[in-house]
Structure formats: C-alpha cells, structure tokens
Amino acid sequence: MSDQPLFSVRNPWFGISVGVTAAIAVLSAVAGLIWLPLAQPDLKLAGVWDAICSAAGVPRAAVQEASIKPDFKTSNVVMTSEMLTKADQVSIGRGATLAQRCAICHGPQGVSDAHSPNLAGQFAAVTYKELNDFKTGARVSVVMSPFAAAMSDQDMKDVAAYYAFLPRVPSNSLDTGRPAPAVVVTGAPMRNIPPCGSCHGDIDNKAGSPWLGGQSAVYIKAQIEAFASGARRNDISEQMRNIARQMTAEEIDQVAHYYEAQP
Amino acid sequence: MLTNKRLIAAHFWLAFIVFGAALVLGAWQMFVRSPLNTWHFNPEFYYRSVTAHGSAMGYVFPTLIAMGFGYAITEASLAKALVGRRWAWAGFFLVAIGAVVAMIPVSLGLASVLYTFYPPMVGNPFYYIGVVMVVVGSWIWVALMVINFVIWKRDNPGKPVPLAMYANVAGCLLWGWTAVGAALEILFLILPVALGLKSTIDAGLARVFFSWTLHAIVYFWLIPTYIAYYTIFPRAIGGRLYSDAMARISFIMFVVVAMPIGVHHLFADPQVGAGFKFMHSVFTGLVALPTLLTVFTICASAEIASRLRGGRGAFGWIGALPWSNPIMLATALSLVMLGFGGAGGLINMSYQLDATVHNTQWITGHFHLIFGGAIVIMYFAIAYDLWPHLTGRALDSFGMMCTQLWLWFIGMIVTTFPWHYVGILGMPRRMAYYDYANPAISPQALSVTMSAIGGFILLLSGLLFLLVLIRGQFGARGEAGAYRFAVPLHMPARIPLALNSFGLWLALMVGLTVVNYGFPIAQLMALNETSVPAVYVGAGR
Numbered sequence: 024m025s026d027q028p029l030f031s032v033r034n035p036w037f038g039i040s041v042g043v044t045a046a047i048a049v050l051s052a053v054a055g056l057i058w059l060p061l062a063q064p065d066l067k068l069a070g071v072w073d074a075i076c077s078a079a080g081v082p083r084a085a086v087q088e089a090s091i092k093p094d095f096k097t098s099n100v101v102m103t104s105e106m107l108t109k110a111d112q113v114s115i116g117r118g119a120t121l122a123q124r125c126a127i128c129h130g131p132q133g134v135s136d137a138h139s140p141n142l143a144g145q146f147a148a149v150t151y152k153e154l155n156d157f158k159t160g161a162r163v164s165v166v167m168s169p170f171a172a173a174m175s176d177q178d179m180k181d182v183a184a185y186y187a188f189l190p191r192v193p194s195n196s197l198d199t200g201r202p203a204p205a206v207v208v209t210g211a212p213m214r215n216i217p218p219c220g221s222c223h224g225d226i227d228n229k230a231g232s233p234w235l236g237g238q239s240a241v242y243i244k245a246q247i248e249a250f251a252s253g254a255r256r257n258d259i260s261e262q263m264r265n266i267a268r269q270m271t272a273e274e275i276d277q278v279a280h281y282y283e284a285q286p
Numbered sequence: 000m001l002t003n004k005r006l007i008a009a010h011f012w013l014a015f016i017v018f019g020a021a022l023v024l025g026a027w028q029m030f031v032r033s034p035l036n037t038w039h040f041n042p043e044f045y046y047r048s049v050t051a052h053g054s055a056m057g058y059v060f061p062t063l064i065a066m067g068f069g070y071a072i073t074e075a076s077l078a079k080a081l082v083g084r085r086w087a088w089a090g091f092f093l094v095a096i097g098a099v100v101a102m103i104p105v106s107l108g109l110a111s112v113l114y115t116f117y118p119p120m121v122g123n124p125f126y127y128i129g130v131v132m133v134v135v136g137s138w139i140w141v142a143l144m145v146i147n148f149v150i151w152k153r154d155n156p157g158k159p160v161p162l163a164m165y166a167n168v169a170g171c172l173l174w175g176w177t178a179v180g181a182a183l184e185i186l187f188l189i190l191p192v193a194l195g196l197k198s199t200i201d202a203g204l205a206r207v208f209f210s211w212t213l214h215a216i217v218y219f220w221l222i223p224t225y226i227a228y229y230t231i232f233p234r235a236i237g238g239r240l241y242s243d244a245m246a247r248i249s250f251i252m253f254v255v256v257a258m259p260i261g262v263h264h265l266f267a268d269p270q271v272g273a274g275f276k277f278m279h280s281v282f283t284g285l286v287a288l289p290t291l292l293t294v295f296t297i298c299a300s301a302e303i304a305s306r307l308r309g310g311r312g313a314f315g316w317i318g319a320l321p322w323s324n325p326i327m328l329a330t331a332l333s334l335v336m337l338g339f340g341g342a343g344g345l346i347n348m349s350y351q352l353d354a355t356v357h358n359t360q361w362i363t364g365h366f367h368l369i370f371g372g373a374i375v376i377m378y379f380a381i382a383y384d385l386w387p388h389l390t391g392r393a394l395d396s397f398g399m400m401c402t403q404l405w406l407w408f409i410g411m412i413v414t415t416f417p418w419h420y421v422g423i424l425g426m427p428r429r430m431a432y433y434d435y436a437n438p439a440i441s442p443q444a445l446s447v448t449m450s451a452i453g454g455f456i457l458l459l460s461g462l463l464f465l466l467v468l469i470r471g472q473f474g475a476r477g478e479a480g481a482y483r484f485a486v487p488l489h490m491p492a493r494i495p496l497a498l499n500s501f502g503l504w505l506a507l508m509v510g511l512t513v514v515n516y517g518f519p520i521a522q523l524m525a526l527n528e529t530s531v532p533a534v535y536v537g538a539g540r
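In order, the protein sequences belong to chains A and B. So the number in my numbering is just where the residue sits in the first sequence, counting from 1, plus 23. At position 123 of the second sequence (counting the first as 1) the number is 122 in my numbering, and the numbers step up by one without a gap.
Honestly, the hints are just simulated from the structure, not real lab data. Quantities reported herein were computed from a predicted structural model and do not represent experimental measurements. Be aware that a few hints might be false.
[Claimed, not checked] Facing chain A, a subset of chain B residues (Cβ under 10 Å, in silico):
| # | residue |
| --- | --- |
| 1 | E43 |
| 2 | G195 |
| 3 | T199 |
| 4 | G312 |
| 5 | T359 |
| 6 | N437 |
| 7 | G471 |
| 8 | F473 |
| 9 | W504 |
| 10 | A506 |
| 11 | G510 |
| 12 | V514 |
| 13 | L523 |
| 14 | G537 |
[As the list claims (entries may be wrong)] 20 Å max Cα-Cα, derived SDA-like pairs, lysine to any residue:
| # | chain 1 | residue 1 | chain 2 | residue 2 |
| --- | --- | --- | --- | --- |
| 15 | B | K152 | A | P28 |
| 16 | A | K109 | B | W176 |
| 17 | A | K67 | A | I47 |
| 18 | A | K229 | B | K197 |
| 19 | A | K229 | B | G510 |
Glycine included, each C-beta is placed from N, C-alpha and C at the ideal position.
In isolation and in its complexed conformation, chain B is listed as follows (with noise of 0.2 Å):
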C-alpha cells in the first residue's frame, strides 16, 4: 500500500518535466547540426543545449525516477509507511533546486562545459554546486533507503527481503559509493579552480575520478529498469518470476563488479597504465555476465506466463504473449535495444576495438540505445504502471501507450543506428558543425538526416506519454488496490544469509575499487607537474 502517493508522484511528475524539457533541446541538437538546417547560428548554443540536456538527462531525471521508485518499492514491498518521510522530501527539494542552480549558469552561456564536464575546461561555480546539490539529494534517500531496509531486517529476522527491495537497495549502495568520485573530482579538484582560489588543474586525475562515477552510474540508471523486468513484468502478463536467487544474484554483481570499470573510458588517455586499462576492459565484460542472466531469466517467465496463458510449441509461446499490453511491449522492445546497445558496448569495452570508436558518434549512439532507449521506455512502463496507485485513477488509454512505446522503440533505432554508422564512418561526437558541402563528409550526409528525423519522432513520442499521464490525472476514479510485485515460481521461505545482505558485496566492491583504482589515483596524486591551466569557458564575456 503507498502512503507517500505526493512524495512519489512529486518525483515521477518533476522527473518527466525535466525530461520534457531536455527532450526539445536534443530534437533541436539532432535538427541543427544536420544537412536540414543551414548554419545560421552561435554555435555557442549548441554547446550551451548539450550541456542542459545531458546534465538533464544524465543527472537529474534518472536520479528522480531512481527515488521515487525507490520510495514506492519501500512501501508497496515493506507493506510498512516509509521511515523518514521529511528527509525524502528535504532530498526530493535539494535536487529541485540543485537542478536550478546548475541550469542558471548554463543557460547564461557561463558554464558550456557539457555533462561530463572534464577539465581543463572549468564554468561557473554555480554549475558544479548543483550538480552536487543534486547528488547529496539523491544521497539522503541512498541512506533512507538503507535505514528502512535495516528497520524492516530487524522487525523481520530470518525472513527474506522482498526482491524489489533488495534490488533497490543495491542500486542504492552502488549509487552511494560510485557518485563518490565525481564528488571528490568537484569537490577537491575543480570547485578551487572555478571559485578562481586556483588557476591550474590536474586534468588527469579529475577524468580518473570521472570515470569511476561515469561507468557504474549508468547501472545505476539500469537498476529501477531491472527491478522493473523482475518484478513488475512477470506480474503484468499474469505469470511468475523464473527464478528469485538468479534475481538477487543479477543485482549482487551489478554491485560487485559495475563499479571498477570506469577507465575503459579513458582508454585513449595517457595517464592511466595500459595494464589497468586491460584489467578495467576484463572487468567491464564481466558486467555483461548479470545482463545475460537476466536476459535468460526474463524470457523464462515470459514463457511461464505464456504457457500458463494456453502458448504451444518451442516458439508458438511467443506469439500467446499478450502483446497488447503496454508493460509486455515496453519489456520485448527494451531488451532488443539492449541487445542492439549491448553488442555495441563489448566493442567499446574492448581495448583495441574501442581505437576505431573512440569519441565518434558511435559512442553518442551507444548510449542513447542503452539508456534513452532500453532504460527509459522501462520507465515509461514503470511510470504507466504505477501511474492508477498515485493518483487513485485509472489509466486505460493502452491503445495510446503502445503507440506511444512503439514510437519511441522506433524513433530511438532510427536515430541511434545511423549514429553508430556515421561513428565507424569517423564522424566525431560533439561537435555543432559539420561541413556536409565537403566531399569527405558528403556521405554520412543521407544518415544524420535519418537520426535527426528519429530524433523527431523521439520527440513525437515523449509528447505522447507525457499526454497519457495528465491524462491519467483526470481519468474516471477507481481503487486500484494494493501495489503488488511479481510473485517468484518457487516462493523461497528462507535463503542464504548472503542473497539477504550486502555486508560481503560491499566489501567486494570496495576492495575492487582499492584494486582496480589505488594505484592509478595514488600515482597521480603523488606526481608533481600534472596540473594544467584551466580554460574557463564563458570567460571574457
């Protein structure tokens, strides 16, 4: 039962607001610096778009998604009102007005330093406390999270934590510890520099800190996306979940091993050693481990539900699936993206392949596969799903939904394989202007035109679903009863002490990090002469 409906709601309504938002800017960024628009403006703009829509994107819309949802599971899994419910709402405003404060300067032009933001180049201070603002928000409910996990352990000894719980916890525990470098990087490194306390930078060291946020953070983006496979999914289309111990045991190796991998973004950095860029590349494929499970898993209780629905024959099950539910479509059409995004990812994961990708729009369409597709039309299904519980109405514009979803699967393959195409072609990523007029540019011409017109469709998309929620805010009322999670084909009356804590996979993911990131950040701390004079961008204006 959920208690907190405004607190959650709170978060799912701003989340798609900025996601709306971020959403233009990016159709505005694909139209732009296509063939279909003749360069007629600052290019400073672009520069100015893409740092508000990746921050947008990147930092604060997931990271809303990732608390409200998380607050929905403590209450709908617990069965108990969430502990702390002042602090989830001082979390929930300090990342509103983080979100403010970071776009105030980025909007001014002051802080044009895109989401990644790697020095030397340093913008106004007000940027980076934002985005920080935004982080110890999320990090209030990383701790309410784990305080309501411990209070429900000691009210309930012996007794497992409800799946959804322990997979929100873990996302929660990653997230804690993998925000800590970026924290560190702005904190220690950047903040003196853009304050003007310093003028010279240690460029190095703050991209060795990026990394080991920019990686895992893109699992922590993932986790509501799983729980949503695991525990909603098998619920949605009458069925069972295959197996709770292959489940637990996806989101405990996410924990592990998500984390000490950061640097193959650095692969075509100087200051890391080739050896610890092998030994990052090694771990990073072991992340494909936990998405393999569950891309087995997933299929397992699609074919439960399936056969339980009457499906016949090795392949026959498919087509029984009931596809017309949105939940059903969202799940088939997320795991072809992450199909599609995951081969792509063993490339770059892979020291020598990454050479011929690196920093080309391939990489741009990678992670638009993986995240603005298999992840967000998750959180789509996720918000349509939980949508009734909130606001105590029904939502039974499913005919919309599926368009809805099936335009953003469409629009996101549209826009992201071109993408990748262009990028082995060698089209660089981040750059406002291309001169298509150039013989050597001339054929990836015909393909940016079709991403930019993907990139429309997206946006086409995004309108849609966040029509179907308002909606959803005056639909006929009706109790939707308790919210309930996807049931386990073997319910398990006790499990192993291990599959029910994270005291050892903590330690793992801490001793990995000590391994993998020692000592590249201790050499680099000890070196003299690697700090660089900042170039700060909006300065002079």
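So that you can see chain A by itself, here it is in the shape it has in the complex (with noise of 0.2 Å):
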C-alpha cells in the first residue's frame, strides 16, 4: 500500500481524505450558501443565484425606501487625527491678519475673559471645523455665522492655523489642585458616556475634540445644555448629543468649572 504514489486515485489515503474533505466541503457550502438562506423568510430571495449571492456576501442595493433627512444640516468636515496638524509659516500670518477681526470677542492675543471660546492653542482642525459648520449651517450663531459665511475654505485653514501657533495662556481661574469630577476620569458606563478626558485631553486627545482647558465655564455650560436641547447639533455622529442628554444639571456645572480652572 505504501509503495504505492500518494497522488493517485489508487492509493485508497489520497481517495478517502481528498473525498471526505471534499464532501464536508460541498455539504456545508450547500447549506449554508443556498439551504439556510432559503429557510429564512424574511430574506425575501429571488431564487438560487439570489441566495447564493446573498450568502457570500456580495454587495446587494438597500430596498429602496426613501430615507429620513434631517430637516437641518449636518456637519460635512471628515475629521482625521493628522489633520491640519502641519502648518507652514505664510498660513499662519494670513491667519494673523484675518484673525484682527475676531480680537473684539476672542482677544487680540486669541485669550479674552468675554465668556466666548479662547482659541490661542486650540487644536487647528478644532478651529476649522467649527468655522466650517458655521459657513454651511450645520452650527448656527447669530454673531459667529455672518463672519464665516464671507470665510473662503483657505481662510479658514489660516485663521484656525493662527490659533493653533498661539500659546495657551492659563485662566484666571487656573487651579490645577482641583480634583476631577468622575465624569471626566471614568465617565458613567451604564449611561453609556465615556470619561470626557478620554476625548478631550487629560488621558487622551481624539481628532475633532476641542481642548477645554482654560474655557470659560459658562460657555462649555451653554455648550453641554446646548447639545442636550439639540439646540446645537453639529457633533458628528451625534456623540455629545447623547453625552449631553445623559448628563445631571449637577455634573454639566461641575465639569464646567473643572475645566475652567485647568490649565
């Protein structure tokens, strides 16, 4: 038997294994590719090719039903963690100029205590997509949204290119021995909201999340409860939304004011 060559139909090794392997294989290809498929009614296959199709996983068309819009806009920035993290020197002084019209609120140095955002040091990409969904819509502010609708897409980058070359100058209200309310280290897990440090800095940094440090606490407040209303929703993918909503009025303040006095 063992003189005999493996690969041969004679050799009873090479005829049972190829065959039993070769069986199993096809069994369970018909069933799972043309049996299972046909048992489940709500598959609503056309027949065979269908079922095989659908099975293997090939791409099929969605059943056409008209899809809900929104009925306002949402926010079209695709945001990457690498984004606008590289400016050169003449975007950063166009954004000089440009950014002399937005020192009456933000300060001539992008730091001012008028309870709008301190952008010296705000991440590029932050400072982008907002000006962004200001000039599409997607946020609206009476003050804000004149300014961006002039804004051409190069503007933009520079400005928010300005802010992110300025130095973060800490708050008055800098005191780094306070201690961080849970919601910003563990989150709440069974309210389904995430550490806020795990976005916004303190652990980690995610592309789009402003860093809030040294913001004014009563603009991150009107912010969260902003969110929470709906009033703003240019969050993608309506993450803080439904942070927002789950958040006591107790923890909304207490992170308002933790935030504030960091650095």
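Using the hints, build the complex out of the two chains.
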C-alpha cells in the first residue's frame, strides 16, 4: 500500500481523504450558501443564485425606501487625527491678519474674558471644523454665522493655523489642585457616557475634540446644554448630544468649572 | 542525544522569563479592574498592559517554546545533531530582538492596540515591525525543521519518521501557512498606514486576514502540548503509546482543518457573508475530532501503563496511576481543563450560540482556560521533563513541582470559571473600568473578585515554577542519559506513505484555505470604498 504513489486515485489514503474533505466542503457550502438562506423567509430571495450571492456577502442594493433626511444641516467635515497638524508660516501669517476681525470677542492674543471661547493654542482642526460648520449652517450663531459666511476654505485654514500657533494662556481661574469630577475621569458607563478626558485631553485626545482647559465655564455649560436640548447639532454622529442628554445638571456644572480651572 | 543544549535552553529560558513578566502584568490587570481596587489610575495603562501581556503570552512565549522544543525533538528523535545551528541562533535572536522592538512603543503608550491590533486602530510602526521580526524568526525555525525532516528521510528511505518529529513538522507547516495571514495584513494594510504613507485602512479586509492567523495560531500553541501527550506522557508513567497511527492522524487533521476556520472570530462582523461564516463554523466543529481522538488515545495509554503496574477493574486502574509523578499530574489536569475549555469552544463556534457570548468575558475565560490552562501546564511538564537533559543536573523537587501544577490548575479554574459566568451575565471584555456600585453591574462584583484571587494563585504558581527551574540549574550533577520518547504498543516497521509525509495534507490545507477564504478575500479586495480613516493610538501625545 505504501509503495503506491501518494497523489493517485489508486491510493486509498488519497481517495478517501480528498473525497471526505471535498464532501464536507460541498455539503457545508450547499447548506450555508443555499439551504439556510432559502429557509429564512425574511431574506426575500429571488432564487438559488440570489441566495448564493446573499450568503456569500455580495453587496446588494438596499430596499428602495426614501431615507429620512434631517430637517437641518449636518456637518460635512471629515475628521482625521493628522488633519491640519502641519501648518506653514505663510498660512499662520495670513491667519494673523484675518484674525484681527475676531479679536473683539476672542481677544487680540486669542484669549478674552467675554465668555467666548479662548482660541489660543486650540487644535487647528477644531477651529477649522467649527468655522466650516458655521459657514454651511450646521452650527448656527447670530454672531459667528455672518463672519464665517464670507470666509473661503483657505481663510478658515489660515485662521485655524494662527490660533493653533498662539501659546495657550492659563485662565484667571487656574486651580490645578482641583479634583477631577468622576464623569471626567471615568465617565458613567451605565449611562453610556465615556470619560470626558478620553477625548478632550487629560487621558487622550481624539480628532475634532476641542482642548477645554481654561475655557469659560459659562461657555462650556451653555454648549453642553445646547447639545442636550438639540439647539446645537453639529457633532459628528451625534456623540456630544448623546452624552449631554445623559448628564445631570450637577455634572454639567462640575465639568464646566473643572475645565475652566485647568491649564 | 541533545548536542545543542545551549540553543534549546536559551529558547526555554527566554520563553519563561517573558512568561514571568507577562504573568505579573496579568495579575495586575486582574486586580485593577476588580472591585478590590478603588479607581485611581489612568485607564491607558491598563490597555498598555493588556497589549504587552497579550503580545508576550500570545506571540513570544509559545513561539519560543515551540522552537526550543522543536530543536530538542529534532536532535533526540532523529538521533543526530541539528542541521543549521547558526540559522537557529539567528532565528532566536530575531525573536528576542523583535520582542524588545515591539515592547518599547507599547511601554511608551504609543501602541496600545491590544495583541489583536484590530484596525482602524493603528499604533507605532515599531510594534508591528517587532511582531514581524518574531514571526520571521519563527519561520527560520519552520524552514530548519522541514530541512532536517527532509534530510533524515533522504538518509533513511522507507523508514517511518519518528512520531515526535512528524508531529513537530506538522506544527511547523501549520504555523508557516497560518502566519501568512497576519503577515499580509501587517505588510500590506497596516504598515503603510502606521508609517504615514496612507491615512485610511480597509479594516474589514484586515480583520479577515488576521482571522486567517488568529485561530490556527491556537493550534500552533497546542501542538507542543499534544506532542507531550503522545510522546512524553506514556513514557514518563512507564507505559506505551496506544496507537502510533492514531497519533499521526490527529496531527494530520490539525494540519488540514485547523486553518480554514478563523472566520468564527468574525461572526459579528458585517464584511463576511453568512454562508462563509456557516462553512467556517462546520470546519471549526471538525477540529474537535483530533482532540477527541487524542483524549481517547491518551486515556488508553494511561490504562495500559496502569495495568502494567497492577491496576485492575473497570475504573480501579485510575487509582493505580503514578499520581505523584509531575508529568502524570500535569497531563491529567491538562485534560480536565481541555475538556471544560473544549466544551466552551463548541459554544463559541456555533454561529447562533456565539451571539450570546461574543466579546464578553466568556471569551477571555475560554482562551485562558485552553491556552493558559491546558496548553501552558504541559509547557511546564515539557520543561520539567527536559530540564535534567539540558542542565546535566538532577531536577528532583517533585513535591514543589506537584504543588506548582496543582496551584496552576486551581488558579486557572478559579480565574476562568467566574469569567465565563460574568460573560453570560453580559460583562464586556477589554474594559479597564466597571462601575460595581451600579445596581446593574454589582451582581458581577463577587465573581470578578474571585477571578482576581485566581490570578494571584496563578502568579504564585508561576513564581514557584521559575524557582523549580532555577533550583534545577544548581542541583546535583548527574547524567540524565539519552532523551527518549514514548514507544508505541505496536512499533510500526512500515507505515503508509500518507502517514509519513505531508504533501497530500499540505495540498488539502491550501485547497481548503482557497475554498473557505478565497471568495471573501477576493471580494473585499475588489470592492471600492471599503477603507476608513485610521485611528492613531497615542497620537497627539
């Protein structure tokens, strides 16, 4: 028996092993690709070939029902973690000139006490995204929308690069000894709230999440409340709205004052 | 006779040093995420630690054991010095350097991607380069084992290749082919993104490639254990192997069906069709066969040994087994853990049942029971068995060895049974923090505390194991004689060509891979717009 060539139908080891393996493969394919899909009434298959394509994972056109469009504009900015991290000097310089019109609220050095966001040292991608959302109408503000409407894409990138270039200035309420609220460090898993720090610094920073240290508590609180009420809805995939809706009034207050006291 | 003792000992020592370090991390992880710890640390450290623990335990430790044991088997079973000694050392250093290269970015927090490194998470390129170096180092071993196998067969035409070597080469071939999936994933999908040449990645295709490696790697870890069952255990208890042919068929079945089954890790993934998931599920079920064959053959071999020692009765022979022998004890405990772990595995491989436990702590419990329990306890046994031959000194602290093995068994059961249970309660895996004060989670607190205690028992057992080995380096000098493997009840003079070669089985392995993976991979490669932006771990720090 062992003298026969291995790859030969006369060798029983070859015939049996290949036969059994092929039989199992064919049977499982027939069951998985034809029988089981056809046995499921919900799949609404047109026939055997349709069943095979469906079970093999060939993309099929979705059922043609009109998708429900939101009655408001959504943000069209795609965020990536490397986005706008490498600014050139020309862009920063142009941004500095353009930013003069922002200084009345955001301060000549990107810092102000007007309860508007402090932009000095803010990530360029964040400033760019907000300007873009003001321009497209995904975020609405009586003050900001008219400013953004007139800006070109390059203008927005330049302004964002300039503010990212400015050094962060510690706020007047700086208090680094202040203990971090639980929602910042651990979130609230059972309410689906991730830790604030996992996106907004402290623990990790995720693309598109602003640096919150030193921002006005009044501003932070107003924005979380706007997310919770749905007045602000330019957060991608509704992530901040889902979080803000689950936060208690006390937590919102704690978070706002905690971040104001951070560098 | 072992000639390259330093080479073999180097592999085992490095493996166990890595194991010891990763074990400490594991115990720390068990502690910090249990109710025993009040929450006061950066959760990022937890993910760093899990990445280091998983990469060390999954990639470095078993690979070094398989390599070291493979070299020992080659020299002892073929009764000649290893061909390619310098290449073997090169492979060893590649693995060692690769492990360091991978661990530096992990410790710096630049690659907390966990050992499965699922895209779109992308970490520091050196992590992946380190993993590739480990794999390439092990491929050198694969090549050397095949070369030694071929040379021996050429010099001994018609003679059956010793079972240990045959099984060893089966493991090599399985690993050589199964590592290709992750290698393709790293080289063509992840590294271009990690190096900054691209910013998007086809996460679905990457996960399919990884599943190609992820399941069969378990059988690569398992093969040394099975070799120990078949070729060390019967000899160590003074018996004979029940059937040589049955053993070969088991290893052959692993080669053929262990690989085209990995999609059962992707049951919840949308990018693979349900039909292919079903096919992989069927073939996963088939892998239970070689294990059932093995359990039968090993129990039969134990019965032979017991009856030779005077054991009687339908079950009375079990009491007559040499229970104070560490190899006997390790094998029995290993089979118990394999039984429980295997039963859990049958649940994981069932397309519908998996839905209830997918990505819960059940899965963590399952693979710790199988790998950490059934497999690693036999790695201990292999080391105990081989140590006197490597050191030329007696290893006679049998009481310590048995205590260590019992502690490992108890620790693993106490760790993994509550893990399975909280998994059924729905506790997700891979989370640094659970709010046990919450009424919905608080019923899990007791079980998680128990499993953390199990983790400390395992740590104690691991330290005891290292202590036994260190004592072995300073024991009384004594020649251990030639290293022998178990002799079958009926020594085959001639065996069928199919059971003495791998051509047919390799063809079936590759053929089944094409059948089960060909279409899903080809389709994902052909589809447009399947890439997503990469999420760089540690970016912005």
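Evaluated hints:
1. E43: holds (6 Å)
2. G195: Holds. Min distance 8 Å.
3. T199: For T199(B), the interface hint holds, since the closest Cβ of chain A sits about 8 Å away, which is under 10 Å.
4. G312: violated (38 Å)
5. T359: At 15 Å from the nearest chain A Cβ, T359(B) fails the 10 Å test, so the hint is violated.
6. N437: Since the shortest Cβ distance to chain A is 5 Å, the answer is holds.
7. G471: This interface hint is violated because 43 Å lies over the 10 Å limit.
8. F473: Hint violated; F473(B) Cβ to chain A Cβ min 47 Å, cut 10 Å.
9. W504: holds (8 Å)
10. A506: holds (8 Å)
11. G510: Where the cut-off is 10 Å and the nearest Cβ of chain A is about 8 Å from G510(B), the hint holds.
12. V514: holds (5 Å)
13. L523: Hint on L523(B): holds, closest Cβ of chain A at ~9 Å, below 10 Å.
14. G537: holds (8 Å)
15. K152(B) to P28(A): Satisfied, since the Cα-Cα distance of roughly 16 Å is no more than 20 Å.
16. K109(A) to W176(B): Violated, at about 42 Å.
17. K67(A) to I47(A): violated (28 Å)
18. K229(A) to K197(B): Roughly 19 Å separates the two Cα atoms, so the pair holds.
19. K229(A) to G510(B): violated (44 Å)
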